[in-house]
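Build out the structure end to end from the sequences listed, making use of the hints.
These are the residues of each chain, in order.
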Amino acid sequence: MAQSIQETQEELIVEFGLFDDWADKYEYLIDLGKKLPSLSEDLKTEENVIKGCQSRVWLHAEKQGDQIVFEADSEAVIVKGLISMLIRVLSHHSAEEIMKADLYFIDQIGMSQHLAQTRSNGLLSMVKQMKNYALAFSAK
Amino acid sequence: MTLDIQKIRADFPVLDQQVNGSPLIYFDNAATTQKPKSVIDALSHYYASDNANIHRGIHALAERATTAFELTRTKIKEFINAPSSDQIILTAGTTGSINLVAQTFGRANFSTGDKILISNLEHHSNIVPWQMIAEEKGAIIEVIPVDERGVLDLEAYRNLLDASVKLVAVNHVSNAIGTINPIAEMIQLAHAHGAKVLIDGAQSIAHLDIDVQALDIDFFAFSAHKLFGPTGVGVLYGKRELLESMPPYQGGGEMIKEVSFEGTTYNELPYKFEAGTPNIADVIALSAAIDYVNALSKEALFTQELALLAYATEQLSTIPGLRIIGTAPDKIAVISFVMDGIHPQDLGVLLDKFGIAIRTGHHCVQPLMKRFGLPGTCRASFAFYNTFEEIDLFVKALRRSINMLQ
Ligand SMILES: Cc1ncc(COP(=O)(O)O)c(C=O)c1O
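Here the protein sequences line up with chains G and S, keeping their order.
Residues 4 to 143 (the working numbering) make up the first sequence, in order.
Residues 11 to 416 (the working numbering) make up the second sequence, in order.
Hints may be right or wrong, so weigh each one.
To be verified - When the alpha-carbon atoms are kept at most 25 Å apart in a straight line, the in silico PhoX-like pairs for lysine-lysine are as follows:
no. : chain 1 : residue 1 : chain 2 : residue 2
1   : G       : K37       : S       : K406
2   : G       : K47       : S       : K380
3   : G       : K28       : S       : K406
4   : S       : K380      : G       : K54
5   : G       : K131      : G       : K38
Said to hold, decoys possible - Some chain S residues judged to face chain G by a derived CB distance under 8 Å, without partners named:
no. : residue
6   : H353
7   : Q355
8   : D356
9   : T370
10  : G371
11  : M414
12  : L415
In short, the hints are calculated from the structure, not lab data.
Every residue, glycine too, gets a C-beta built ideally from N, C-alpha and C.
Here it is as structure tokens:
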């Protein structure tokens, strides 16, 4: 069994705790974005686009056994960094775990500004969409 | 007249703050301008001392509020040199003004096969209202193209003009790339073919001298919030014979003369188009914004802004891989740009971390972005209260952000 959602969140909080200025934090985020494998072109469909983002963001989910596996991509690298963290936290967990996950790490690593409605970079939409997938899969 | 920029900046309370640990640099003036203290004071003075509903009351507060409200109308009339203040219709914004014309003038005058000319530079607010009425009336929208620099193709415009064109609706200045359009010439050409012209002045009102009579403009629309005034107020100027011949827009109080269940007669201009209690406080505060601009002189302010534009253009041009979108010879102080291999949003997010407010995205001009084959741009737009030092800091932060992203 892989680590729990909570354990991964704690891990990220420790990693981000190493940086004392915003620039280092964002450089790390950009790095995460660059390292996230691109989504294959056939998955970059209209259907997989997350609405409400200024840059295009694609999210693909599939069920492997009783786990949900996410893959995602974006034209903007900071958004890709954010989504890469979400994937690290939520992917490979059961629908139920994903649905009830409280993503407190976002606030703790100082990225909660990206959750605001007004930020059209859509971290909020991404979280919502990931939970929607979980809901949809659990209903099947 | 040389401007004392530090003194001017002190008039704008919002500018004096830290954002993310750095002094705010506000370069999003094309989206909305900041408000001088006199405008903010006018708003709070109205609510603290004069608040009343206007035009109906006979008591002292109603009188004061009505007088102040109508005084703004007079000031707007003078500001754009309209022949009379009853041709100044107060709306909620440029968008409201354009929709009003589409739903009244358009409804009364468009029929199947008529043409509405717009341009490839238009804001969605000057596209969608025409699409809505065109669809209803069977009218056709045609688009004046722009060249690589973002300049309207006047030759194509001439060729598009014929007797079936009922209206030309173009912006005076492009919000996304700053192009100043040759509206005097365009209006003459349109009139020669019997077409009326609506000018979307959202981006010109704060920067260029507007004389609706000298330019022979049929309809002129703008928003107070882009003129250092409050949000929620807009203006529609129209030629008298046009406004008089147009059917009313929304129904309600204020716009009627007499109401009975058998039928209603409508009030005269401008009230015919101003149903319901208007945005009294914000209209009154717009007076203070107009006074502010007049006191400093629009021309002096624009000269300062053009100097900022020239300096920023020169500085940005030194960044390898940066491409300025919109290189018209006549521009207001708006610079749109893209960076090879970097999404505009990433630059916007990082610049915000430096306390710098720019706009990224499609700027509500998706057809124009498509014309340039771009999903969006970064846009820095200056006002007279911006400084050369701010541009230096911006360029430095931009270089640093690009480094982080590459
Ligand atoms: C050229 C242009 N037209 C219309 C508008 C719409 O103005 P408002 O949203 O104030 O109605 C804008 C605002 O960005 C604009 O720049």
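Verification of the supplied hints:
For the proposed pair G/K37 and S/K406, the alpha carbon gap of about 24 Å is at most 25 Å, so the pair holds. Among the hinted pairs, G/K47 with S/K380 is consistent with the structure: their alpha-carbon atoms are about 20 Å apart, no more than 25 Å. Distance check on the hinted pair: G/K28 and S/K406 sit about 19 Å apart at the alpha-carbon level, within 25 Å; holds. Annotation: proposed proximity of S/K380 to G/K54 holds, straight-line Cα distance about 19 Å (limit 25 Å).
A distance of roughly 23 Å separates the Cα atoms of G/K131 and G/K38; the hinted pair therefore holds under the 25 Å criterion. Against a cut-off of 8 Å between C-beta atoms, the interface hint on S/H353 holds, since the closest Cβ of chain G lies about 4 Å away. Residue-level restraint check for S/Q355 holds (minimum Cβ-Cβ distance to chain G is 4 Å; threshold 8 Å). Taking 8 Å as the C-beta cut-off, the interface hint given for S/D356 holds, the closest approach to chain G being about 5 Å.
Taken as an interface hint, S/T370 checks out: its beta carbon lies about 7 Å from the nearest beta carbon of chain G, inside 8 Å. At a threshold of 8 Å, the smallest CB-CB gap from S/G371 to chain G is about 5 Å, leaving the interface hint in force. Contact between S/M414 and chain G, as hinted, is supported at the beta carbon level, the nearest pair being about 6 Å apart and thus within 8 Å. Residue-level restraint check for S/L415 holds (minimum Cβ-Cβ distance to chain G is 6 Å; threshold 8 Å).
In this structure, every one of the numbered hints holds.
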